[in-house]
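So the protein lines, in turn, are chains D and B. The opening position of the first sequence corresponds to residue 1227 in our numbering, with each subsequent residue numbered one higher. The opening position of the second sequence corresponds to residue 118 in our numbering, with each subsequent residue numbered one higher.
Hints in this document: simulated from the structure, not taken from any laboratory. Do not rely on the hints blindly, as some may be mistaken.
[What the hints assert, rightly or not] Not close to chain B: a few residues of chain D, all C-beta gaps over 12 Å, as computed:
#1 Phe1244
#2 Thr1254
#3 Ser1258
#4 Gln1264
#5 Val1308
#6 Ile1341
#7 Gln1343
[To be verified] Cut-off 25 Å, straight-line C-alpha distance, at most; resulting in silico cross-link-like pairs (SDA-like, lysine to any residue):
#8 B:Lys174 with D:Gly1227
#9 D:Lys1282 with D:Phe1244
#10 D:Lys1336 with B:Ala205
#11 D:Lys1336 with B:Gln158
#12 B:Lys174 with D:Gly1255
#13 D:Lys1336 with B:Gly145
#14 D:Lys1286 with B:Ala119
#15 B:Lys128 with D:Pro1266
#16 D:Lys1278 with D:Gly1304
#17 D:Lys1282 with D:Thr1338
#18 D:Lys1278 with D:Ala1243
[Stated by the list, open to error] Covered by chain B, according to a simulated footprint, are these stretches of chain D (three or more residues, beta-carbon under 8 Å):
#19 1268-1279
#20 1293-1299
Predicted model only: the values in this text are computed from it and were never measured. For each residue, glycine too, the CB sits at the ideal point set by N, CA and C.
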Amino acid sequence: GNSVTQMEGPVTLSEEAFLTINCTYTATGYPSLFWYVQYPGEGLQLLLKATKADDKGSNKGFEATYRKETTSFHLEKGSVQVSDSAVYFCALSDLKGGSGGGADGLTFGKGTHLIIQP
Amino acid sequence: GAGVSQSPSNKVTEKGKDVELRCDPISGHTALYWYRQSLGQGLEFLIYFQGNSAPDKSGLPSDRFSAERTGGSVSTLTIQRTQQEDSAVYLCASSLAPARGSSNSPLHFGNGTRLTVT
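So here's chain D without its partners, still in its complex pose (with noise of 0.2 Å):
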C-alpha cells in the first residue's frame, strides 16, 4: 500500500535558518506529491505540488523536487519567518496505483510541526 513518512517535530528554527523538512513516500503507481500547510487555527491549505519525477514545485518561498530514485519530495526554505510556524503535511496522490491510506488515492504523512522563533 501507500505510505508518506516525514519527519517528526517539533522542528524548532531561529528566524532566517534555513528549513529542510523530509519527506519519503512508498506507492505502488505513479504518484503526485504535494505539501499542505496547516496554520494555527486554520486547515490545511495547499502549499506546493509536483506531478512527475524531477519536477519542482515551488511557492512562497518553498521547495521541493520530485525525486524517484530517493522516492522522496523534502521540503526546503533558504530563510525561514516566524510566520512561517506552522503543521506541514506531505501527501501523495496515486490514482493508477490504487488505494492507500485515503482509499481516494490521496495519502497525508503525519505532519511535522514547525516553530520560528524570533
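With chain D held as given, fit chain B onto it using these hints.
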C-alpha cells in the same frame, strides 16, 4: 463565502451523546471529503462523496460514524454514542474532482471542528 465552511468550530459533548458536524463545500465542487486529525496521528480519511455516486465509506472507523450529503452540497458527519477516543479535529475538504486528489484538483480544507468528548 469563498472557502469551505465548517460548523461548529468547537464542540464539547458528554460520552454517549450523539453529535452532528456540518460542512459547506466550495460552490461547484463536486467532491467532498471528511478527515479526522488526531494528535500525533496525522490525517485519517473517513469518507468521500463524488457527485451522485455512492460514497466511499471505507475510512469510517465504526458503525457509530455516518455521513450524508444533501443535494450534492452540504454534508453532515454524525457520530453516535460518542466515546472519548472520538476526540479529534474533524476536517472537511472539497475539490473540483472527478479525479480524486489529482494534481489538477487539489483539496480545499475547512478550518475543522474540534470535538472533545468528556
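We went through each hint and held it up to the structure:
no.: 1; hint: Phe1244; verdict: holds (25 Å)
no.: 2; hint: Thr1254; verdict: holds (15 Å)
no.: 3; hint: Ser1258; verdict: violated (4 Å)
no.: 4; hint: Gln1264; verdict: violated (8 Å)
no.: 5; hint: Val1308; verdict: holds (21 Å)
no.: 6; hint: Ile1341; verdict: holds (16 Å)
no.: 7; hint: Gln1343; verdict: holds (22 Å)
no.: 8; hint: B:Lys174 with D:Gly1227; verdict: holds (18 Å)
no.: 9; hint: D:Lys1282 with D:Phe1244; verdict: holds (18 Å)
no.: 10; hint: D:Lys1336 with B:Ala205; verdict: holds (14 Å)
no.: 11; hint: D:Lys1336 with B:Gln158; verdict: holds (6 Å)
no.: 12; hint: B:Lys174 with D:Gly1255; verdict: holds (23 Å)
no.: 13; hint: D:Lys1336 with B:Gly145; verdict: violated (30 Å)
no.: 14; hint: D:Lys1286 with B:Ala119; verdict: holds (22 Å)
no.: 15; hint: B:Lys128 with D:Pro1266; verdict: holds (18 Å)
no.: 16; hint: D:Lys1278 with D:Gly1304; verdict: holds (24 Å)
no.: 17; hint: D:Lys1282 with D:Thr1338; verdict: holds (20 Å)
no.: 18; hint: D:Lys1278 with D:Ala1243; verdict: violated (29 Å)
no.: 19; hint: 1268-1279; verdict: holds (count 7)
no.: 20; hint: 1293-1299; verdict: violated (count 0)
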